[in-house]
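**Student:** Chain by chain, the residues:
Number of protein chains: 2
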Amino acid sequence: MQSPIGVGLIGCGTIGYGVVRLLVQEAELYARRLGRRLELRRILDRRTDVGDTEKLVAPGLLTGDADAFFNTPDMQVVIELAGGKGIVSQFVRRALSMGKHVVTANKSLLAAEGPELFALARQHGVSIGFEASCGGGIPCITALNFGLMANQMQAIYGILNGTCNYILTEMTRKNKDYATALKEAQAAGFAEADPTLDVSGGDTAQKLAIYGSLAFGIQARGDQVPTEGIDKLSLADIKFGAELGYDIKLLGIAERTSAGVSLQVQPCFVKVEEPLAQVAGPFNAISVFGHSVGQVMLYGRGAGQRPTASAVVSDLMNIASGWYPKAFADLRIWCDQHEPVKLGNPVGQESRYYVRINALDKPGTLAGVTKALGDAGISLSGVVQHEMAEGKFVPVVITTHKAAQGALRAALAEIARLKVVEGEPVAIRIVDMPKG
Amino acid sequence: MQSPIGVGLIGCGTIGYGVVRLLVQEAELYARRLGRRLELRRILDRRTDVGDTEKLVAPGLLTGDADAFFNTPDMQVVIELAGGKGIVSQFVRRALSMGKHVVTANKSLLAAEGPELFALARQHGVSIGFEASCGGGIPCITALNFGLMANQMQAIYGILNGTCNYILTEMTRKNKDYATALKEAQAAGFAEADPTLDVSGGDTAQKLAIYGSLAFGIQARGDQVPTEGIDKLSLADIKFGAELGYDIKLLGIAERTSAGVSLQVQPCFVKVEEPLAQVAGPFNAISVFGHSVGQVMLYGRGAGQRPTASAVVSDLMNIASGWYPKAFADLRIWCDQHEPVKLGNPVGQESRYYVRINALDKPGTLAGVTKALGDAGISLSGVVQHEMAEGKFVPVVITTHKAAQGALRAALAEIARLKVVEGEPVAIRIVDMPKG
Numbered sequence: 015m016q017s018p019i020g021v022g023l024i025g026c027g028t029i030g031y032g033v034v035r036l037l038v039q040e041a042e043l044y045a046r047r048l049g050r051r052l053e054l055r056r057i058l059d060r061r062t063d064v065g066d067t068e069k070l071v072a073p074g075l076l077t078g079d080a081d082a083f084f085n086t087p088d089m090q091v092v093i094e095l096a097g098g099k100g101i102v103s104q105f106v107r108r109a110l111s112m113g114k115h116v117v118t119a120n121k122s123l124l125a126a127e128g129p130e131l132f133a134l135a136r137q138h139g140v141s142i143g144f145e146a147s148c149g150g151g152i153p154c155i156t157a158l159n160f161g162l163m164a165n166q167m168q169a170i171y172g173i174l175n176g177t178c179n180y181i182l183t184e185m186t187r188k189n190k191d192y193a194t195a196l197k198e199a200q201a202a203g204f205a206e207a208d209p210t211l212d213v214s215g216g217d218t219a220q221k222l223a224i225y226g227s228l229a230f231g232i233q234a235r236g237d238q239v240p241t242e243g244i245d246k247l248s249l250a251d252i253k254f255g256a257e258l259g260y261d262i263k264l265l266g267i268a269e270r271t272s273a274g275v276s277l278q279v280q281p282c283f284v285k286v287e288e289p290l291a292q293v294a295g296p297f298n299a300i301s302v303f304g305h306s307v308g309q310v311m312l313y314g315r316g317a318g319q320r321p322t323a324s325a326v327v328s329d330l331m332n333i334a335s336g337w338y339p340k341a342f343a344d345l346r347i348w349c350d351q352h353e354p355v356k357l358g359n360p361v362g363q364e365s366r367y368y369v370r371i372n373a374l375d376k377p378g379t380l381a382g383v384t385k386a387l388g389d390a391g392i393s394l395s396g397v398v399q400h401e402m403a404e405g406k407f408v409p410v411v412i413t414t415h416k417a418a419q420g421a422l423r424a425a426l427a428e429i430a431r432l433k434v435v436e437g438e439p440v441a442i443r444i445v446d447m448p449k450g
Numbered sequence: 015m016q017s018p019i020g021v022g023l024i025g026c027g028t029i030g031y032g033v034v035r036l037l038v039q040e041a042e043l044y045a046r047r048l049g050r051r052l053e054l055r056r057i058l059d060r061r062t063d064v065g066d067t068e069k070l071v072a073p074g075l076l077t078g079d080a081d082a083f084f085n086t087p088d089m090q091v092v093i094e095l096a097g098g099k100g101i102v103s104q105f106v107r108r109a110l111s112m113g114k115h116v117v118t119a120n121k122s123l124l125a126a127e128g129p130e131l132f133a134l135a136r137q138h139g140v141s142i143g144f145e146a147s148c149g150g151g152i153p154c155i156t157a158l159n160f161g162l163m164a165n166q167m168q169a170i171y172g173i174l175n176g177t178c179n180y181i182l183t184e185m186t187r188k189n190k191d192y193a194t195a196l197k198e199a200q201a202a203g204f205a206e207a208d209p210t211l212d213v214s215g216g217d218t219a220q221k222l223a224i225y226g227s228l229a230f231g232i233q234a235r236g237d238q239v240p241t242e243g244i245d246k247l248s249l250a251d252i253k254f255g256a257e258l259g260y261d262i263k264l265l266g267i268a269e270r271t272s273a274g275v276s277l278q279v280q281p282c283f284v285k286v287e288e289p290l291a292q293v294a295g296p297f298n299a300i301s302v303f304g305h306s307v308g309q310v311m312l313y314g315r316g317a318g319q320r321p322t323a324s325a326v327v328s329d330l331m332n333i334a335s336g337w338y339p340k341a342f343a344d345l346r347i348w349c350d351q352h353e354p355v356k357l358g359n360p361v362g363q364e365s366r367y368y369v370r371i372n373a374l375d376k377p378g379t380l381a382g383v384t385k386a387l388g389d390a391g392i393s394l395s396g397v398v399q400h401e402m403a404e405g406k407f408v409p410v411v412i413t414t415h416k417a418a419q420g421a422l423r424a425a426l427a428e429i430a431r432l433k434v435v436e437g438e439p440v441a442i443r444i445v446d447m448p449k450g
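Chains P and Y supply the protein sequences, listed in that same order.
Residue numbering for the first sequence follows the numbering used here, starting at 15 and increasing by one per position.
Residue numbering for the second sequence follows the numbering used here, starting at 15 and increasing by one per position.
Keep in mind the hints are simulated off the structure, nothing from the lab.
The list cannot tell twin chains apart, which means a pair is met if one copy fits it or any two copies do.
Here are the simulated lysine-lysine pairs, DSS-like style, with alpha carbons at most 30 Å apart: (1) 449 with 285; (2) 114 with 340; (3) 197 with 246; (4) 376 with 416; (5) 69 with 449; (6) 449 with 197; (7) 188 with 406; (8) 253 with 190; (9) 188 with 285; (10) 190 with 449; (11) 385 with 406; (12) 433 with 385.
The following block holds chain P by itself, in its conformation from the complex (with noise of 0.2 Å):
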């Protein structure tokens, strides 16, 4: 056996709950897969009662006292599951600062501060594991970095918050409208009593960022990805959608095109046959093409204790067996080591569309509609008006062939002023995967 490795939790809730358990009950397995213990010897936080964290260990082991964590001895690895910026991020750069490996759950503080504290860490001879951020337990991180390492990537496709599938899978298999459909996640523990991060997609954004920062070797924050949500959804393009042969998913999508790495966070529609369109309730899955590989999907719970503490453990021991710290430092594949891109701008980014137009129905309406449409250069691959009733403002749907979002949105401003439509045009993208 190998000495112990010494272990500092910083936050201790429901994740931290849910690491500790794992670590005292697992702690014969662990030992027996490393080869030596894994050995919890403090943990900050600012609450004195931390639930039933401190029936598991030994007294004394909680501080609300930042020096006097720091202060532990041998004391080799700090997990981070505290959340947020400000402090947190002070914590984290304290910690690499004194040398210690860290372990972190944080997408809000690697999103925004990633390459930073990546060159810390590296200048400090230690390394940062950081799977829980995205993904929950799925093991997307260590695919993307040493299973795939041979690919160039193509695309990801990602459906990131469980959240927001859960509340699409209702809307699309239930009927439910938006409104509904939150209320009852919040009832069933699946949405916060704020939803926004969720739904606004901001949270999706975030994990983007990382992923597509790993995928394409570059940098990329949070905040440089558009981002579009899902509270604006209506529960009749989901219908029309659906009738098309279409499911509606909020992706995170990072693409290669020709006018660089895009990044975007949009609700977009899957043909029912694809992998991802299956991905029902709060489950995640992530779609990666690469140029050898073709496309791999990984699926599974993208947050929760005890997925979420799996990937928070799993880091733990790859860098305990010592060989994650030794992948950080020799490989050039991590956020600090690329140049800061600008993003390709998703204005020239050409895909379908599904467009939706509340039109009054005399003749001529829908000529108006095309015509703004094909001067825009965009050409029509369907239509569907539903309901008949002359004179009154009916729903037009439209799908559209391959168009540049620029021109789309220009196009679809063009017939926001038609007088026979009323009120603002809906334009969802239609996602067609890359044959892989």
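Since the structure of chain P is provided, determine the placement of chain Y on it from the hints.
**Tutor:** Here is chain Y on its own, set in the frame of chain P:
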């Protein structure tokens, strides 16, 4: 830049060409990621004509002489893509004994001699990369070994053979019988001229032995796995199953049971909503259930030149970077470090079953059948008798509640002896996956 890594290649067929092409075309990318160059020093192949490979490499790189190959200086890694055992096993042993790392896609070799080869590698301070041996380009082994390290594995359900899955998908979705689907798969290049190893389940059993060893920390050989193929499946059963809400899949199943770890390959019914049921055509997928992470599914192309080359070159890079040899040396997760175990006897294993009987449509027939099941302690969850044609033999489909495999077989033997029953009853396991 560190000094280059010298690479030798044994076997330059389809996959070998894919590997050589990646090494030539992506040399700059790989050097950037690794901080060192990968240099192909020698290719061993008995054929004098290896197609397009020679156009990619320097003259004289190809040799048919094993001594010349092994005496090539500065060759730290040997990639073995010749397949099979016998002389190829000798080549692998020779490379390891000379202190060369080995990357192999050879599942039959590993499923038979894995523990010996791993021990030999360890003895000489080198490592074996084997991501390409199972699941083509899908990074299953990297995920199991590293990304999910904190888990006790509960079960693995894998669609591990693209040929079988292609044939079953065609039978299910296009109503083809087995012989027609096989012939078309051969014409489309998804099945070999001699498809025995695939359709018999033998290929799946070899891969399952490798995954099972890793996931459960045991030693298991492919020839220890009770195996049933798809070659006796009838279209009628696939259709009856579909009516009940099930898709047929050839599954490799590794489960922790009360009698120990059980490995088994057989055609199974899976609920159509399960992600595994939706894996279509030549794709593979493996669903892993860990005690902390829950369900994780990895999906992609399990064979083919480019996906397999992705796994081979990723392994090579992970070895060249030095981290993989460290993980191989320091972790206690490799098959040579586990005890050989007696696999759990599947006779006691409980599952639900689909049973079809050809029975004479006359009063009392069903009573005789249900009595035989009842006497074996097996209760029915449903009975479907499709056609009514008094005095003729008609298919009777029964689904059971959980029953031990041995008890079911005994009951079916009893049923086969009934005068009102024609031919052998058909039994197909219905797999209920853990809540994950």
